[in-house]
Amino acid sequence: MITITPEAQQKLNKVIASQDAALGVRVSVVRGPHGCVHGWSLEVEGERRSDDRVFTYGDLEVMVEPDLVAALSDATIDYREDATGIGFRIDVPDPVGAGGHGGHGGCGNH
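Under numbering that gives the first Met the number 0, the residues of the sequence shown are numbered 0 to 109, in order.
What the hints contain is simulated information worked out from the structure, not anything from laboratory work. Since the structure is predicted, the reported quantities are computational estimates derived from the model, not experimental observations. Backbone N, C-alpha and C define an ideal beta-carbon position, used for all residues, glycine too. It cannot be assumed that every hint is accurate.
Unchecked claim - Using C-beta positions, here's what the derived DEER-type ranges look like:
no., residue 1, residue 2, range
1, R79, L22, 22 to 30 Å
2, M0, S49, 28 to 36 Å
3, A21, E64, 15 to 23 Å
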């Protein structure tokens with residue numbers, strides 16, 4: 000199950016409330032040119048897909064593609080405003096199941 004810090008949940012709820020058609024947020028994988036996992040994205044979402052897995056945190060809905068659920072099982076979404084920057088951070092300690100080479104998101108020796 001994805002962990003969302005209280006700071007991130009509060010900020011995401013504000014972002015969603017400010018958008019007319021927003022239902023929740025979607026967590027997706029960002030892939031490089033060889034299909035390698037380069038990171039994760041968080042986007043405001045206006046509709047659910049028929050195969051989405053939806054996780055509910057109070058009023059917040061987080062949508063994930065079924066094949067990413069295992070990879071995100073130990074993920075944490077956080078929000079920070081500090082000297083290093085402002086924004087959301089998605090920490091996925093071991094993205095097994097995300098389709099990266101070796102299950103760890105590395106690209107090997109392309």
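List of violated hint numbers, smallest to largest: Structure breaks hint 2 only.
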